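A.B. asks: So the sequences go chain by chain: L, U and A.
In terms of my numbering, the first sequence opens at residue 31 and continues consecutively.
In terms of my numbering, the second sequence opens at residue 2 and continues consecutively.
In terms of my numbering, the third sequence opens at residue 1041 and continues consecutively.
Treat the hints with caution; some may be incorrect.
As the list claims (entries may be wrong) - Chain U regions said to be covered by chain A (calculated; three or more residues, Cβ under 8 Å):
| id | segment |
| --- | --- |
| 1 | 131-145 |
| 2 | 208-222 |
To be verified - For lysine-lysine, the following DSSO-like pairs were computed, each having C-alpha atoms within a straight-line distance of at most 30 Å:
| id | chain 1 | residue 1 | chain 2 | residue 2 |
| --- | --- | --- | --- | --- |
| 3 | L | LYS253 | L | LYS44 |
| 4 | L | LYS253 | U | LYS79 |
| 5 | U | LYS79 | L | LYS44 |
| 6 | L | LYS125 | L | LYS53 |
| 7 | L | LYS253 | L | LYS125 |
| 8 | L | LYS44 | L | LYS125 |
Everything labelled a hint here was simulated from the structure, so no lab data went into it.
Owing to the predicted nature of the structure, the values given are computational and were not obtained by experimental measurement.
No residue lacks a Cβ here, since even glycine has one placed at the ideal position from N, Cα and C.
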Amino acid sequence: MTSVLTVAMLVYRKDIAIERRSKETLFTVLSFGLLATLVFALSFFIENDVSGAYAPGVIWTVVLFASTLGLQRLFESERENDCFGGLLLAPIDLKGVYVGKLLVQLTFSGLMEACTIPLVFLFFDLFPFMDAGRLWTLLLLLALGTLGFAIIGTLFAAMLLSTRLREVLLPIVVYPLVTPVLIAGVQGTRLLFAGTESVSHWITLIGAFDLIYLGIALAIFPKMLRA
Amino acid sequence: MSDTPTTQISTRPFAYWAFFAAAAGLSLLALGWGFFLAPVEATMGIVQKIFYFHVPCAMSMQALFVVCGLASFGYLIKPRAALDRLAVATAEVGVLMGFFALTTGPLWARKAWGHYWEWEPRLTLTLVLAFMFVAYTALRSFGGSDELTKRIAAGLAVAGIPAIYLVRVAVTWWRGTHPRVVWSGGLTDPDMRIAFWLGVAAIGCLAVVLTWERSRLEAARAAVDELTLDLMERDLLEDDV
Amino acid sequence: MVQLERWLGAKPHCRNLWFFAGFVTIRRTCAVVAVALLLGTGGVAMAQDTEEAPARYGTEFEAADLTKHKEDLSGIPFMVGAYMVIWSGLFAYLYSVRKRNGQVSAQLEELRAAIRLHDKGSDS
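Extracted from the complex, chain L is given alone in its bound form (with noise of 0.2 Å):
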């Protein structure tokens, strides 16, 4: 048996390699979020005075929304020639498995949101709400965030990949479940831009979540898969 973390890399390079030739996911994830951030600040923007009010919502929808396409994707070429039935055959731990394709999940909402956010502190003007400090605060739950829907997200679509329906159930599973971090992660945001220093309580809650259901994720991925 290779090691979790040999697996997981091996998992993970070998993602990133097709998608540099392809290119596919990260065009669809990054189009999606930038046309989402636009129709999001046409609809809600109202005044510069209180667009700290209204921003919080949109990041956080922004970022679901298009983490959700790339959960989509995720394991498209899995699908393709039932390659998961080999990966599930391969005489390796499928821990690895899950965490090379949350790292993979991760990279995408990461270059994602490096696009969107700014997009979105410059079509609400945020700039005169945030300084160096509370910005940190807000990357930390952002990554925190982010973290919790690709755990989420990942065990799930991994799960649903031989349904039917998968499109539409992937969306209807993951968002209940997910909801502490979004109310976490908009009041926290939605705080920072009123001028809040610290907003630990919400941190906890969502590092909380992400080591919660890590670890469930981590129990029940394979006993699901392979039994």
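Could you slot chains U and A onto chain L? The hints should help.
C.D. replies: Same frame as chain L, now just chains U and A:
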């Protein structure tokens, strides 16, 4: 070879009819007590009588979801068909109860709080929980009836258990509080107490009956699948001969 | 139209008169009446919904003292609506599960009969 024992669908046993009779009797009793014996509430007026069935529905929803989570956990450890049937049935009846709680709640809230809806912790928690188990039932209805889907659904129900706690924390930090009446001794009138607990008993028995009926349906469906496969195998054997 | 009739569950033999014979059944009438009552009570409740009720979170329910003031009956449409939702919903659900149960049981009997026939055929 005739029917294998697993394909037999049992007739409804005595216990089922006992629960059925209890549900019917207690419902009538609770309705009567709530309408005729329990007094009208001082500030909210007659609309408070929704309470005698609204709260039992919410309670049985939570109980059914906990049973669903436990049964699913058991199914992941040791896959037994009965546990899976129980999980499906409790999830579906739980969604029904959640629907009742979420529709009667706003009707009451309009009179008591002045709004149909408020983003208030218990309400939000109930809504998110109901959505979670709508996802479970959707997965079971549209995902197919194979072993993998059953395990995935079980995983979803198990994952839902810590989410209940986390959502609770999130919404409590986010918003104010729901009236807590029962456990803080707020039911001052004895007839109100009796009507309420009769309502809890009635809805509880009803939930048992509905779950039972629903899991019988699941057993019958599994038997149909099994027999269909059986028949197909026989046809294939015959073709080979 | 045939598609619609099939969807509505009309009997094929009364297709010409489907809106007299096939379409109006006791079950459907009951369903229509129940839905109309549900929507009706909701509508009445909304229509009566003019006053602003006091926003307050009660933690204690007290019996009204009927010797001092009349009981407040203004919430009746809301209460009736709530009870209608619960009881019509419960009966509808129980009915639908029993119906599905009956259908699946019939299917099961058919399959058993087919297997029995099959076994007899292959034995002889």
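A.B. asks: Would you mind marking each hint as holding or not holding in the structure?
C.D. replies: Hints and how they fare:
Here's how the segment 131-145 of chain U fares: 0 of its residues keep a CB closer than 8 Å to some CB of chain A, so the rule of at least three is not met and the hint is violated. Counting residues of the segment 208-222 of chain U whose CB lies closer than 8 Å to any CB of chain A gives 8, so the stated coverage by that chain holds, three being the minimum. Taking the CA atoms of L/LYS253 and L/LYS44, the gap is near 24 Å; set against the 30 Å cutoff, the hint holds. Of the supplied pair hints, the one linking L/LYS253 and U/LYS79 holds, its CA atoms being roughly 11 Å apart against a limit of 30 Å.
In summary, the hint linking U/LYS79 to L/LYS44 is not supported, as the alpha carbons are separated by about 35 Å, beyond the 30 Å threshold. For the given pair, L/LYS125 sits about 26 Å from L/LYS53 by alpha-carbon distance, which is consistent with the 30 Å threshold. At roughly 10 Å between alpha-carbon atoms, L/LYS253 and L/LYS125 fall within 30 Å of each other, so this suggested pair holds. Restraint check for L/LYS44 and L/LYS125: the C-alpha separation of about 16 Å stays at or below 30 Å, so the hint holds.
Of the numbered hints listed earlier, those contradicted by the structure are 1 and 5.
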